[in-house]
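Since the structure of chain V is already known, use the hints to place chain X on it.
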Amino acid sequence: MQNHPVYFDNDPQIEQSTLNLGPTHPATHGVFQNVLQMDGERIVSGVSTIGYIHRAFEKIAEHRPFYQITPLTDRLNYCSSPINNMGWHMTVEKLAGIQMPKRVDYLRVIVMELARITDHIVCNAILGVDTGALTGFTYMMQWREHVYEIYEEICGSRLTTNIGRIGGFERNFNTIAFDKIRKFVRDYPKVLKEFESLFNRNRIFVDRTRGVAAVTAETALSYSWTGPILRATGVDYDVRAMEPYSSYEDFDFEIPVGDNGDVYSRFLVRNEEMKQSVRIIEQALKKIENEPSDIFHAEVPEFFLPPKEEVYNNMEALIYHFKIVMGEVPVLPTELYHAVEGANGELGFYMVTDGGRSPYRLHFRRPSFINYQMYAPMSQGMLLSDAIINMSSLNVIAGELDA
Amino acid sequence: MGKITNEELLSKIHSKFGEQVFLTGEPFGLLTLETGREQIIDLLTFLKTDAALQFIFLTDITGIHYPGQEKPVGVIYHVHSLVNNTRIRVKVFMHEGDINIPTATVLWDGANWMERETYDFFGIVFDGHPDLRRILNVDDMTVFPMRKEYPLEDPNRVDKKDFYFGR
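Residue numbers (the working numbering), protein chains in the order written: chain V, 1092 to 1494; chain X, 7 to 173.
One chain only, chain V, in its complex shape (with noise of 0.2 Å):
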């Protein structure tokens, strides 16, 4: 924060005012309200609002087979949907007990990690335009468009992407696919060099950016935080070297940290953690060479519905087909939380089963709206236009806070 003038008690100027800061506002990215209290341009303090988009997805997990849930985890954080739709997948698998081929497990990485990218994209060039820096935004957004071309060859779609099945992909990548995969690897590392060039060193960003929002790493870890915005902080808490999933622990990357968990501290944790995405990625197509390149999935006819032609000439696939499509395959009555590092932090699924064809009780660990909890008392005492970018340094997504 800079020397912005501080008025006293003594001061005519002390009466406050009510700031209703969204619910849609451009500078709040999502809908969701904060009513502040404003001495000048100060903020007293604050009151958040949330819940304007609330879809009762938990609710409407408790009526769907498993496989009909991963649409609804599209929505949470949209723009990776595909970490929150592998994360679920797994978490059906770990409850069936499935394998993964290691192949599967290096395509979901490479999937994963292309959202993470896309996802740091839009929040660290975001930050940029709120600082008022409309250079580096306009610039980035093609990459992701890239990155959702990527999406387009694997599965079709681009934001809400509804990727992969449990058990597997639903078809293999193509030639374009890894074409485009390899092209973006090579061309994208660049790019960030250029876009870091726009902004580690510019003095009206670092200005405006650094000792804004900092916080210490005992507040983050008592305030639940993970994520980006956690090891801003300096506390390199990383789901995929915790508790590696999906063959993470295959792979040889590096966890950045922050010092003092400032706005600053967070673009630049987020920055290299794309480039570390992209040595993720370089090194899964690598391994992908030394494996099959036929496979896409894992052999569970229970779960994984087999090619269309074979339903029609083939009796098991048929039982198969019928089995899967009306949710009569049988699981264990049980509980689990299956973990994965999502963009903006632990997303978690807990899930109870009661064997039948839905969860029992499905509960979404979001990121999102855990971190967000501490907006409104960080905010206090700090400048409006500061709580702006420090909203958006905190990357809230609106579907991840409401589910």
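If you're looking for bench data, these hints aren't it; they were derived computationally from the structure. If you're wondering where the values come from, they're calculated on a predicted model, not measured in any experiment. One thing to keep in mind: the hints can contain errors.
[Stated by the list, open to error] With a Cα cut of at most 30 Å, we get these calculated BS3-like pairs of lysine-lysine:
hint	chain 1	residue 1	chain 2	residue 2
1	X	Lys167	V	Lys1414
2	X	Lys22	V	Lys1414
3	X	Lys54	V	Lys1414
4	X	Lys154	V	Lys1150
5	V	Lys1185	X	Lys54
6	V	Lys1366	V	Lys1377
7	V	Lys1185	X	Lys97
8	V	Lys1193	V	Lys1378
9	X	Lys97	V	Lys1150
Just chain X now, kept in the frame of chain V:
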């Protein structure tokens, strides 16, 4: 997974709390305990502050509803020890009509919204919570929608022609 085995963890908790905390299972290697609401804060404090355990990270608080059970409404805590890389799950079940439980906000600031969400959907009252209001649903809602007695769709709606679908 972790540096501390579930047996060690359980024996440590048993030596401190005896029969007040009991094991309900270890599904997928995650130690699951059940206790009463009288002990819950003591247990969580012990887990958080014990030098060997250090369950300093509150992953999640949520609720569950089993209609027909003697104690139908439950609260489920997931706590994580970063030092040992071990998770633990603690459950507390309560009688219908008396679903009050002390708040965990005294231990973790992050429990605030998690408990508000649990209150919002299950009607579980967290005693001592600084700001126990609904969070995702509208303020004037009178029901707790994640309870099993509430159907997904409004049974009184008349605009859908269920007749043609045999419903």
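Hints, one by one, checked against the model:
1. At roughly 28 Å between alpha-carbon atoms, lysine 167 of chain X and lysine 1414 of chain V fall within 30 Å of each other, so this suggested pair holds.
2. Between lysine 22 of chain X and lysine 1414 of chain V the alpha-carbon distance is near 49 Å, which puts this suggested pair outside the 30 Å criterion.
3. About 46 Å separates the Cα atoms of lysine 54 of chain X and lysine 1414 of chain V, which puts this hinted pair outside 30 Å; it is violated.
4. Straight-line distance between C-alpha atoms of lysine 154 of chain X and lysine 1150 of chain V comes to about 9 Å, which keeps the hinted pair within the 30 Å bound.
5. The hinted pair formed by lysine 1185 of chain V and lysine 54 of chain X meets the criterion: a straight-line CA distance of about 28 Å does not exceed 30 Å.
6. A hinted pair counts as satisfied when its Cα atoms are at most 30 Å apart, and lysine 1366 of chain V with lysine 1377 of chain V qualifies at roughly 17 Å.
7. Restraint check: the Cα-Cα separation between lysine 1185 of chain V and lysine 97 of chain X comes to about 22 Å, which is no more than 30 Å; the hinted pair holds.
8. Distance check on the hinted pair: lysine 1193 of chain V and lysine 1378 of chain V sit about 9 Å apart at the alpha-carbon level, within 30 Å; holds.
9. For the given pair, lysine 97 of chain X sits about 21 Å from lysine 1150 of chain V by alpha-carbon distance, which is consistent with the 30 Å threshold.
Going through the hint list in order, the structure does not satisfy hints 2, 3.
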